[in-house]
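Here are the chains, one letter per residue:
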Amino acid sequence: MAETFPSNPADATLTAVRDAVRSRRVSSLEVTEAIMERLETRGRAVNAIAGLYPDAGRADAKAADKVIAAGKTAGVLHGVPLAHKDMFYRPGRPSECGSKLRQGYQPKVLSGALKRLDQAGAIDVARLNMNEFAYGVTGHNDWTGNVTNPWNPAHITGGSSSGSGASVAARANFAALGSDTGGSIRLPAACCGVTGMKVTMGRVSRFGAMPLSHSLDTVGPLTRTVADNALMLSVLAGHDPDDASSARIAVPDYLAGLEMGVAGLRVGLPVSYFRDSLSPEVEQRFEDAIAVFKAAGAVIVDIPMPASIRFTNSLTSLIIATEGAALHQKWLQTRANDYCRQTIGRLAGGLLTPATRYLQALDLRRTLLAEFAELVFRRVDILLTPMLPMPVPTIVATDVGARPEAAEVLAGIGHCSRPVNFLGLPGLSLPAGFTQSGLPASIQLVGRPYDEALLYQAGCAYERETDWPSRAPDMAWMEPAA
Amino acid sequence: MTNDNDDDRALGQWLSSLQGSNIELSGIINPSRGSRNVGALLDDAGADLNFDREPPEFYKLLLDLAPKDLTRG
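Just so you know, the protein sequences line up as chains A and B, in that order.
Take any residue in the first sequence, count from 1 to its spot, add 667: that is its number in this note's numbering.
Take any residue in the second sequence, count from 1 to its spot, add 346: that is its number in this note's numbering.
Calculated directly from the structure, the hints in this document are not laboratory data.
Please note that a few of the clues may not be correct.
[Unchecked claim] Below, a list of computed lysine to aspartate or glutamate pairs in the DMTMM-like style, where the Cα atoms sit at most 20 angstroms apart:
id, chain 1, residue 1, chain 2, residue 2
1, A, Lys961, A, Asp910
2, B, Lys406, A, Asp1030
3, A, Lys739, A, Asp809
4, A, Lys775, A, Asp791
5, A, Lys767, A, Asp785
6, B, Lys406, A, Asp722
7, A, Lys733, A, Asp809
8, B, Lys414, A, Asp920
9, A, Lys961, A, Asp785
10, B, Lys406, A, Glu1041
11, A, Lys729, A, Glu704
12, A, Lys775, A, Asp909
13, A, Lys729, A, Asp809
14, B, Lys414, A, Asp910
15, A, Lys733, A, Glu697
16, A, Lys997, B, Glu370
17, A, Lys767, A, Asp809
18, B, Lys406, A, Asp910
19, B, Lys414, B, Glu403
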């Protein structure tokens, strides 16, 4: 079905606006102006903006329009303005990582992810707020202020890529880079009602991206649609000589299978763990999603989870805290008071981990992945799970500093995301309707290592049947412009 | 036998003498979550004697499980 191009280019999908710029239906400058206006209004209303670069954006857009007018070959994202989490380094711009400790930090290298987007012709117009040092699942940040959910500002965005999720949902950004160490792309995607891909370990370069946990960090995109996400990963994926940990493995055509559907695809349903402690509303949305896959021809198979899966949430937290503490040790000794409350509490906890136990936790990854693969991928092609096991909570209910009991809520938020990080697998978060509070519900597709293409194929089929990405927050709660 | 005060003293000593940090214990979030300590978590999860595995084997397994058309010969 052909997509009608909206009167405001900012309301278009990434794919549609890319095509429109390329065909000169709309200029890159017009698109950039539209996005800058949205970032100034909606982006600031949800506190997503860490830095805005209108002059550079306009100059780049004019240059992009000249290239197209000259009939020259353009990159796949030529002339499209984007904004990204404030942890991807670019010389000439600060990268403050949501922290007082990085205030004014001027990076010396260009991140591998931004380099690829630059080469594809994308325009980088803003830096987006985030959890301090990408460490947190809610979006709380005492230093920059909390990013708020465009659907309802009393609720969390999810973290740590809070500004990425909020800006894309608010139709102020076509796509954003995020990072996912324990759920930091998928949880903001889930809370804000957008699409987020946590890639297989090594699929996307981490060079020049602020590290939190070298064993678990991944870089990936948040977008409005599955096709947009596949387009972004087409640009981002591949080996980077600057990142020795990036995989030397072929990159498939992520767009090729988007229309192939799920008929005959074996979709596993976990009979335990991922469906433990679901709220009734989320359980119902999950049942709805199962019905959609079934109606589209997928073969639904109940899959028992390995008993070891129940350890993976805690083991992931342990590895992040320990590796994070090692990275931050000097500042923990000398500038502990400059951290946000939640960050210092988690990082300092990592100082308590015995080295022997940390190494055992890392060693378990191989054993647990083998168990998981044997039980799951021998029988099915992908696994379908809930993403956020509860309705999107409020900012107040998840403020650990003010409410110690909120720690239990926080542990629950990462229940379905962290096992995927521990196992190093790809996971795609998709919007799956709404709960009674009017905030998004979500599902997750988990695949074999490096099989992001199949997740996009299945996600696209689900999206086609449901059309959740066409719903946008009206943001009527915003104060009228002066 | 230890009590909470002994544990606090031990943790405080660990942080100050081994980690060089002077951070209030009350603000620290246990990374293994809940009341389970790190040792019990790892023991329950099956951390075992592994003398016959190379450290990078996790990454090798990721590649082994990848779609065959993506892996190079």
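Pair hint Lys729 (chain A) and Asp809 (chain A), alpha-carbon separation not exceeding 20 angstroms:
With Cα atoms ~38 angstroms apart, Lys729 (chain A) and Asp809 (chain A) exceed 20 angstroms; violated.
Next pair to validate is Lys961 (chain A) with Asp785 (chain A); report whether the Cα-Cα distance is within 20 angstroms.
Distance of about 41 angstroms is beyond 20 angstroms: violated.
Quick one, are Lys406 (chain B) and Asp722 (chain A) close enough, alpha carbons at most 20 angstroms?
47 angstroms, violated
Restraint check for Lys406 (chain B) with Asp1030 (chain A), where alpha carbons must lie at most 20 angstroms apart:
Holds: Lys406 (chain B) and Asp1030 (chain A) sit about 13 angstroms apart, inside 20 angstroms.
Compare the distance between the alpha carbons of Lys767 (chain A) and Asp809 (chain A) with 20 angstroms, and conclude whether the hinted pair is satisfied.
10 angstroms, holds
Do the alpha carbons of Lys406 (chain B) and Asp910 (chain A) lie within 20 angstroms of each other, as the hint requires?
Judged against 20 angstroms, a Cα distance of about 17 angstroms means the pair holds.
Quick one, are Lys997 (chain A) and Glu370 (chain B) close enough, alpha carbons at most 20 angstroms?
Holds, because 16 angstroms separates the two Cα atoms, which is no more than 20 angstroms.
Is the straight-line distance between the alpha-carbon of Lys961 (chain A) and that of Asp910 (chain A) 20 angstroms or less?
41 angstroms, violated
Hey, Lys767 (chain A) versus Asp785 (chain A), does the alpha-carbon distance stay inside 20 angstroms?
The hint is violated at about 28 angstroms.
20 angstroms limit on alpha-carbon distance, applied to hinted pair Lys414 (chain B) and Asp920 (chain A):
Roughly 15 angstroms separates the two Cα atoms, so the pair holds.
If you draw a straight line from the CA of Lys775 (chain A) to the CA of Asp791 (chain A), is it 20 angstroms or shorter?
17 angstroms, holds
Holds or violated: are the alpha carbons of Lys729 (chain A) and Glu704 (chain A) at most 20 angstroms from each other?
17 angstroms, holds
The structure does not agree with the numbered hints 1, 3, 5, 6, 7, 9, 13 and 14 stated previously, though it agrees with the rest.
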